[in-house]
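Novice: Sequence:
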Amino acid sequence: MTDQTEVPRAIGAEDALTHPDPIVRIIARGSLSKWIDVFQEWVNEEFQRCDDRLDVLHGISRLLVMTHSSIAANMMKEGGFPTAAEALKVTVDEVYVSHAEQCRISIQAVRRGR
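Numbering (the working numbering), first residue to last: 481 to 594.
In short, the hints are calculated from the structure, not lab data. Do not take every clue at face value.
As the list claims (entries may be wrong) - Simulated DEER-style distance windows between Cβ atoms: (1) T563 x R529: 34 to 40 Å; (2) G593 x A553: 18 to 24 Å; (3) F519 x R584: 18 to 24 Å.
Fair warning: this is a prediction, and the values are worked out from it, not measured in the lab. Using N, Cα and C, we set each Cβ at its ideal position, and we do this for glycine too.
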């Protein structure tokens, strides 16, 4: 894991795919893959099924953690899980709020342009 990885805010896909930081490249490949569309469709379906959208957000959070820990279980030795959990916590602390704010600003800009 690269310490203190900062994904550039206005980076294009081509630059991200060739970025020197392997984490930026992984994020770029993931962002360009088909799973994003499948995931978005599933999230929208869950919003239709649930009365409380916060339930969907909470479910997604748990699913993320369970997926992350399952991958860790497949690649790490016993005893390494606390390190993986701490790395996930650090990532949430460093990225979550600022990324949500960036997304909110982008969404508002798109809505104003309609």
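Novice: Of the numbered hints stated previously, which ones are contradicted by the structure, given in increasing order?
Specialist: 2
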